[in-house]
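K.L.:
Sequence:
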Amino acid sequence: MPIKLDSPYFAAVDLGSNSFHLLVARVQNERIEIIDREKEMIQLARGINADGLLTMESQNRALACLARFAERLRHIPREQIRAVGTKTFRAAEQSKKFIKAAEAALGVPIQIISGYEEARLVYVGLAHSVTNDHNHRLVVDIGGGSTECIIGKDYDALYLESLNMGCVTFSETYFGKNLRLNSNNFRKAYLAACAELESVRKIYLKAGWKIAFGTSGTIRTIADLLQSQDGGAVITAASLAWLSTEIIQDKALLNNIPVLRRTVLPAGIAILKAIFDQLKLDKLYVGDGALKEGLMYDIIGRLSDHDSRSDTVSGLQEKYHVDIDQAERVAATALHFWKQIDGPALPRVSRTKILAWAAQLHEIGMSISHSSHHHHGYYILRYSDLAGFGRYEQYILANLVRSQRKGLYEEKFEEMDEQTTAALIPLVVCLRLAVLLQRRREGLDVLPKLSLQGKDYKLRFPKKWLAEHPLTLAGMEQEQQYYDSFGISFSYQ
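Be aware that the sequence shown starts at 1, since it is given in our numbering, and climbs by one per residue.
Calculated directly from the structure, the hints in this document are not laboratory data.
Don't take each hint at face value.
Claimed, not checked - DSS-like, lysine-lysine: derived pairs with alpha carbons at most 27 Å apart: (1) K202 with K153; (2) K319 with K406; (3) K458 with K406; (4) K406 with K455; (5) K455 with K353; (6) K153 with K283; (7) K100 with K353; (8) K319 with K206; (9) K153 with K339; (10) K202 with K188; (11) K319 with K339; (12) K283 with K210; (13) K449 with K339; (14) K39 with K177; (15) K406 with K449; (16) K280 with K202; (17) K96 with K353; (18) K455 with K339; (19) K251 with K153; (20) K280 with K206; (21) K339 with K283; (22) K96 with K39; (23) K283 with K177.
As the list claims (entries may be wrong) - DEER-style ranges, computed between Cβ atoms: (24) N256 with K319: 32 to 38 Å; (25) T421 with K458: 17 to 23 Å; (26) G407 with K177: 50 to 56 Å; (27) N29 with W465: 29 to 35 Å; (28) E410 with T245: 55 to 61 Å.
From the three backbone atoms N, C-alpha and C, an ideal C-beta is built for every residue, glycine too.
Between the sequences and the hints, there should be enough to build the whole structure, so can you do that?
P.N.:
Here it is, written out as structure tokens:
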């Protein structure tokens with residue numbers, strides 16, 4: 001894992017529906033040492049009102065926490081920090097506006113990740129904190145807005161699910177703001193969790209595992225409550241069954257737990273009880289690594305010799321039978337053009353990497369339809385679960401692939417603000433020209449030069465080259481018409 005950077009420090013920020021976490025690590029002699037941790041229970045999921053909007057109180061609470069985190073991040077290079085938002089950031093109606101305010105408070109971009117990516121990062125964090133015995137393991141993480149269930153082996157996640165049940169949202173739904181803890185409400189929460197687990201129960205039981213781990217604060221708190229029975233490092237089915245009944249009869253069991261955790265713990269217990277029963281668990285070991293640790297390893301991997309997104313791209317190429325040689329020709333040509341021009345930055349996105357990946361995947365929809373493969377490629381990339389990619393990265397990738405050919409029009413840049421559109425256009429031009437020039441699928445001896453002055457793109461071929469390649473010349477004429485209709489100035493000679 002060779003890393004040559006100006007600073008040995010890295011930071012991961014996990015903006016969960018229940019808690020916000022900050023993790024700071026130092027890399028020395030290829031070893032990762034955790035040197036600082038911060039955690040605040042913000043309970044952002046509790047701040048969503050009936051209209052799906054975050055209340056100002058919850059926003060202010062979150063922004064104040066991020067401002068405190070920002071102080072700790074001040075001297076760490078931005079490229080060595082990664083911040084992600086999970087379930088509540090995905091669900092809140094006005095999340096775009098709030099994310100901008102959150103980014104301003106934190107001082108770094110925030111990526112919104114899918115439930116699938118959340119599950120993957122949880123598994124990565126756990127896998128790096130336990131001994132890899134080459135057996136299948138189950139990992140469970142009960143968050144504030146969702147619960148992740150993963151089956152994996154060593155460092156590879158094999159089955160990933162993010163279920164729509166969390167200790168904060170279930171607490172609001174089944175126990176109310178004042179924690180009406182009784183057997184009827186507990187049973188409702190338990191049955192609702194059982195219903196959520198129905199979608200994975202059969203698949204997971206068939207896959208099987210040798211050992212099960214729990215990785216969330218909720219699970220650690222439950223283990224602490226059961227320390228006298230189980231020792232604090234494991235939760236057994238018998239002890240959990242006892243606790244599920246006892247907290248209703250003796251609410252004093254929760255007295256020593258911090259208030260914010262106390263208000264959501266019964267819902268967490270109901271969810272965990274459903275997991276034990278539906279997945280037939282005898283015991284669950286308490287793991288140390290979770291999403292924030294997985295995020296840390298992912299950051300370091302991106303800056304060293306292993307980027308999980310590159311693995312995802314390779315997997316998609318194999319799955320959809322992409323012509324690898326042609327993909328590499330187009331990628332090399334697109335990057336050849338990109339190195340000669342520049343454009344506005346894309347927040348949270350490496351333009352060079354996203355262009356290369358779009359080129360490598362530009363024919364991903366070919367197995368579905370030849371004439372409309374760019375549209376099919378868009379849908380595959382827009383709506384699939386892509387390991388390592390944040391939602392915004394995935395969105396940019398999909399739109400690049402859709403814009404690679406044929407007409408350019410506003411609908412190809414759906415819901416995109418002017419800044420993002422302006423930053424995307426130079427990448428679109430590079431990709432389109434690369435696709436057009438590599439139509440023969442044989443490679444080119446000489447590549448033309450691309451220049452950009454203001455908003456004017458100019459493509460210069462070797463003398464007489466176009467006259468000797470009339471099909472490419474016809475393509476250039478059509479391409480110029482496409483650009484003109486979209487307001488892009490493009491010329492060639």
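K.L.:
Each hint should be assessed against the structure and marked as holding or not.
P.N.:
Do the hints match the structure? See the list:
Between the alpha carbons of K202 and K153 the distance comes to roughly 19 Å, so the proposed pair stays at or under 27 Å and holds. A hinted pair counts as satisfied when its Cα atoms are at most 27 Å apart, and K319 with K406 qualifies at roughly 25 Å. For the hint linking K458 to K406, the alpha-carbon distance of about 19 Å falls within 27 Å, and the restraint holds. Restraint check for K406 and K455: satisfied, since their Cα atoms lie roughly 21 Å apart, inside the 27 Å limit.
Proposed proximity of K455 and K353 is supported: the alpha carbons are some 23 Å apart, at most 27 Å. Distance restraint check for K153 and K283: the Cα-Cα separation of roughly 19 Å lies within the 27 Å cut-off, and the hinted pair is therefore satisfied. Between K100 and K353, the direct Cα distance comes to roughly 24 Å. Compliance with the 27 Å bound is thereby established for this hinted pair. Between K319 and K206 the alpha-carbon distance is near 24 Å, which keeps this suggested pair within the 27 Å criterion.
Between K153 and K339 the alpha-carbon distance is near 40 Å, which puts this suggested pair outside the 27 Å criterion. Simply put, K202 and K188 have alpha-carbon atoms about 22 Å apart, close enough for the 27 Å limit, and the pair holds. Proximity of K319 to K339 is assessed by CA-CA distance (about 30 Å); at most 27 Å being required, the pair is judged violated. Of the pairs offered as hints, the one joining K283 and K210 holds, with about 11 Å between alpha carbons and a cut-off of 27 Å not exceeded.
For the hint linking K449 to K339, the alpha-carbon distance of about 10 Å falls within 27 Å, and the restraint holds. The straight-line distance between the Cα atoms of K39 and K177 is roughly 23 Å, inside the 27 Å bound, and the hint therefore holds. Straight-line distance between C-alpha atoms of K406 and K449 comes to about 22 Å, which keeps the hinted pair within the 27 Å bound. For the hint linking K280 to K202, the alpha-carbon distance of about 11 Å falls within 27 Å, and the restraint holds.
A distance of roughly 24 Å separates the Cα atoms of K96 and K353; the hinted pair therefore holds under the 27 Å criterion. At most 27 Å may separate the alpha-carbon atoms for a hinted pair to count; K455 and K339 meet this at roughly 17 Å. In summary, the hint linking K251 to K153 is not supported, as the alpha carbons are separated by about 39 Å, beyond the 27 Å threshold. Restraint check: the Cα-Cα separation between K280 and K206 comes to about 12 Å, which is no more than 27 Å; the hinted pair holds.
For the given pair, K339 sits about 55 Å from K283 by alpha-carbon distance, which is inconsistent with the 27 Å threshold. About 24 Å separates the Cα atoms of K96 and K39, which keeps this hinted pair within 27 Å; it holds. The straight-line distance between the Cα atoms of K283 and K177 is roughly 31 Å, outside the 27 Å bound, and the hint therefore fails. In this structure, N256 and K319 break the distance hint of 32 to 38 Å, their C-beta atoms being roughly 51 Å apart.
Distance hint for T421 and K458: a CB-CB separation of about 21 Å, consistent with the stated range 17 to 23 Å. Restraint check, G407 to K177: a C-beta distance of roughly 53 Å satisfies the suggested window 50 to 56 Å. Distance hint check: the CB atoms of N29 and W465 are about 53 Å apart, inconsistent with the given range 29 to 35 Å. Checked against the hint of 55 to 61 Å, the pair E410 and T245 passes, with Cβ atoms roughly 60 Å apart.
The structure does not agree with the numbered hints 9, 11, 19, 21, 23, 24, 27 stated previously, though it agrees with the rest.
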